[in-house]
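**Student:** Chain order of the listed sequences is A and B. Residue numbering for the first sequence follows this note's numbering, beginning at 1 and increasing consecutively. Residue numbering for the second sequence follows this note's numbering, beginning at 1 and increasing consecutively.
No wet-lab data here; the hints were simulated from the structure. Quantities reported herein were computed from a predicted structural model and do not represent experimental measurements. One or more of the hints may lead you astray.
Same chains, same names: a pair is fine if it fits in one copy or spans any two.
Below, a list of computed lysine to aspartate or glutamate pairs in the EDC-like style, where the Cα atoms sit at most 20 angstroms apart [stated by the list, open to error]: (1) Lys474 with Asp349; (2) Lys331 with Asp51; (3) Lys331 with Glu306; (4) Lys201 with Asp222; (5) Lys77 with Asp18; (6) Lys77 with Glu376; (7) Lys331 with Asp476; (8) Lys172 with Glu15; (9) Lys172 with Glu406; (10) Lys77 with Asp467; (11) Lys201 with Asp385; (12) Lys201 with Asp486; (13) Lys201 with Asp255; (14) Lys331 with Asp289; (15) Lys77 with Asp104.
In case you want the letters, here they are:
Protein chains: 2
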Amino acid sequence: MRQQERQGPGDTPPEELDRLIGAGAEAARVLVGSRPADRAGWLEHLAARLDAAAEQLVPIAARETHLGVDRLQGELKRTTFQLGLFAEILRDGSFLQATIDHADPAWPMGPRPDLRRMLRPLGPVAVYAASNFPFAFSVAGGDTASALAAGCPVLLKANPSHPELSAATGAKVSDALAEAGAPEGIFAAVMGFETGIALVKDPRIRAASFTGSLRGGRALFDLAVSRPEPIPFYGELGSVNPAFVTPDACAQRADDVAAGFVGSMSLGNGQFCTKPGLLFVPAGSGLEDRVAALAGARPAAPMLSEHIRSGYSEALAQLAERPGVRVIAGKARPEGDPAPTVLATTVSDLLADSEAMTQECFGPAALVVSYGSEAELLTAARVLDGQLTATIHSSGPEPVTSALLEVLTERGGRVVWNGWPTGVSVTYAQHHGGPYPATTSVQTTSVGTAAIDRFLRPVTYQDAPDDVLPPPLKEDNPWHLPRRVDGMLQPV
Amino acid sequence: MRQQERQGPGDTPPEELDRLIGAGAEAARVLVGSRPADRAGWLEHLAARLDAAAEQLVPIAARETHLGVDRLQGELKRTTFQLGLFAEILRDGSFLQATIDHADPAWPMGPRPDLRRMLRPLGPVAVYAASNFPFAFSVAGGDTASALAAGCPVLLKANPSHPELSAATGAKVSDALAEAGAPEGIFAAVMGFETGIALVKDPRIRAASFTGSLRGGRALFDLAVSRPEPIPFYGELGSVNPAFVTPDACAQRADDVAAGFVGSMSLGNGQFCTKPGLLFVPAGSGLEDRVAALAGARPAAPMLSEHIRSGYSEALAQLAERPGVRVIAGKARPEGDPAPTVLATTVSDLLADSEAMTQECFGPAALVVSYGSEAELLTAARVLDGQLTATIHSSGPEPVTSALLEVLTERGGRVVWNGWPTGVSVTYAQHHGGPYPATTSVQTTSVGTAAIDRFLRPVTYQDAPDDVLPPPLKEDNPWHLPRRVDGMLQPV
């Protein structure tokens, strides 16, 4: 997001925002005592309501985002599946990390008291919705799902690129949560650029999550950490998602690699944070030409918004003007809707201008970089910033592979092998995060079940009598949770 | 730390710091592939070497810190026990959070690839040693132990209040790690105020931890988060550690409560971050007089340094001058070494001036606050900032207890029942952290085995062949780790 309207007619008035945050703070006091299994039921009810509303919501989404109906239906399914997966996590209970150390007079450093730790919700959180996934990273998306699962009320800052969908989805979320018995104030969708700033600065807000641009995300991060009481800020900002094709892989599967790459970089019209924006190919392999041919045959398509289209055009034109960069498919200065556009350069030109050439260009463009040797490939990999993903195409044991893997795991959050980074599955082992600027918080994920950790913090009770302990820490384990007791994991 | 010498003769020269950080970055590349069980061996060897050096180190510590030999011997034991406990955690392997999702074509949101996640070390980290625990929170203390356990090289910024001990301990650490086979560059102790600033700003440093004053910690936090690439900063800054005595507890155990409180607030001459600095007592209960009598009978004792003594004197004098505050034991303006000093006020006076009266006063002083009703007690609890600890003395089911517990778990990291917050045991369930300003990172602990989490981050491998996966993620589980596989916890 570059320039947003700073104030608009649909913006949430400051006094209304204040009331909603106050209601969130009230709800937080109820939620901290809520049973995870009850929250699971709320999320499942919400998922069912959203599934049932597909015929209402998908057409609004299609109109506002220009994404296809099939894609949007799939995305809604992903969204409701995600709510259900968090419900499962809540019923499992491991997420609470309940840990019990009984008093031990013989503890080697000196007698220890009875200590019992569990995680508890942080309190009301601000969630900044993304433009590019109007369901899965928006009003009822992964951040909302994981925060509600954790027991945190959500103040949802709607993305201005799909306001009608945000309002309609927000109403569904509020209604479904109320129907399911969740406390009043647990969720509210708010609008407006200034609203978003006021939200992250409000002392009642205890954490924030964001998916969007480097510039917008860093500005909010800076506000979050410069508060009198700094708060955790989980920003997913940008990534160029480099992919590396080894000589053997190119020799054996050039057509597959070219087709896979073009499919991935043009998926959703290139408007994915995991779009592979850099492809390293062996010089003289002909892979560049195959990519150009496939990409050049793809049609133009509308982008999410005029704002994003103009930002893309500007970034693309700047990239195309760098010394040593050639346009091999599409146009450097598209008029109207853009078609997939491929630029080409060499490692030596890239190294001479690496900061400009390795920036994310949000849209259907990618840069193919020819390397002359494995040493050149590794040198190029080492100049990259932090990444959400990095991809290796290799066909068996090649000497370069292990060295490349080492460099990429240092720089990336997810390393993809002989595949493509788009299509981020929601699972237990998924990780969607990476060193800055991929994310502002290198230790957390915004996709997958581990995303709940962002909205929890520990508390330890020392020598507390059983009747005042919360159920997860009571001696007889009434909720049948997996716990670590005196250092040993005790699954149920 | 208020005013430090900005440069001194023992400071690490900038070029030497640069070389040491470079060596740390080299070591990080080796460490990321090191086996946790090998790191366990290094820590155990280091513990043995430190234990064997007690007769050398304890006298230096006693001379530089004025803490007693018995206390220092106990603290060294705590320090080496802690190293051993992290060794145990490394052998257990749960800390890696290895998670495997096999490819599943029937995954409800769409076919999922094979995804495998584990935690890996962040890279070189800066550790800022504390003044008040010259062993346990200093050169070979908890932060160093947990960072080394995680596989992160440590650049240790020595505390200027015990330079000779820091140098001697640093040499032991370096020698022991080298003897045990750890890579060169894994540890270095550095000195100087400007050195500490350069360290947190260096792009090769990937995280920092700190124990010390609100002012110093916030300044370093601000540097860490305003870097081009922000890094996690784990600062433990300050806490007044309120303790609340209910009417029933006072009626039944007034002598015990008074003795326990005075013992805890004067332990280590009040120079503990968990010192109870506020004691809420029922008005007219006489508890205030008992506390004053016991505290007034205690001798004066030297403080850690002249710098800390003068800071204490200033803070104490300011507190004693607040309207409604009386000195009931000790002196508001001690000359030379201070003796335990107790001030008294009422909840209504405290509420009129709560910001000034609820600040940490680092040294042997505490404020006893009389409350007239349970409502007053709860109102006072609600104005408190974030705390490392909060203590309740209660004698069974009293109506106020559950409401108070709710307020205190919202504000504190550890809630102590019928005990005292000093003497922080090192265990699995321990939590030493809390809402700001207790710590800058509300979600982490600097004591206990969970402290290792601060220095790790996830990486996920997608569809990677078994031969390139790190051992914790290989299909046949060669290290016999507990793992979560397809959503189910599989202990070994």
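**Student:** Each hint: holds or not?
**Tutor:** Okay, the hints, checked on the actual structure:
Proximity of Lys474 and Asp349 under a CA criterion of 20 angstroms is satisfied in neither setting, with 63 angstroms inside one chain copy and 39 angstroms between copies. Neither within a single protomer nor between protomers do Lys331 and Asp51 lie at most 20 angstroms apart by alpha-carbon distance, with minima of 40 angstroms and 70 angstroms respectively. In this assembly of identical chains, the alpha carbons of Lys331 and Glu306 lie at most 20 angstroms apart only when taken from the same copy (18 angstroms versus 70 angstroms across copies). Taking the closest pair of Cα atoms, Lys201 and Asp222 come within 20 angstroms of each other both inside a single copy (10 angstroms) and across two copies (16 angstroms).
Taking the closest pair of Cα atoms, Lys77 and Asp18 never come within 20 angstroms of each other, the shortest separation being 33 angstroms inside a single copy and 52 angstroms across copies. Taking the shortest Cα distances, Lys77 and Glu376 never come within 20 angstroms of each other, neither inside one copy (43 angstroms) nor across copies (52 angstroms). When the C-alpha separation of Lys331 and Asp476 is checked against a cutoff of 20 angstroms, the pair qualifies neither within a copy, at 68 angstroms, nor between copies, at 50 angstroms. In this assembly of identical chains, Lys172 and Glu15 lie within 20 angstroms of each other by CA distance neither inside one copy nor across copies; the values are 23 angstroms within and 61 angstroms between.
In the homo-oligomer, the alpha carbons of Lys172 and Glu406 never lie at most 20 angstroms apart, since the shortest distance is 46 angstroms inside one protomer and 32 angstroms across protomers. Taking identical chains as interchangeable, the C-alpha atoms of Lys77 and Asp467 are never at most 20 angstroms apart, the minima being 43 angstroms within one chain and 35 angstroms between chains. Taking CA atoms no more than 20 angstroms apart as the test, Lys201 paired with Asp385 passes between copies only; the shortest distance there is 17 angstroms, against 29 angstroms inside one copy. Taking the shortest alpha-carbon separations for Lys201 and Asp486, neither the intra-copy value of 41 angstroms nor the inter-copy value of 40 angstroms comes in at or below 20 angstroms.
In this assembly of identical chains, Lys201 and Asp255 lie within 20 angstroms of each other by CA distance neither inside one copy nor across copies; the values are 51 angstroms within and 46 angstroms between. For the identical chains of this complex, Lys331 and Asp289 are intra-copy neighbours only, at 16 angstroms inside a copy versus 84 angstroms across copies, given an alpha-carbon limit of 20 angstroms. In the homo-oligomer, the alpha carbons of Lys77 and Asp104 lie at most 20 angstroms apart only across protomers (17 angstroms), although the nearest pairing inside one protomer, at 50 angstroms, exceeds that limit.
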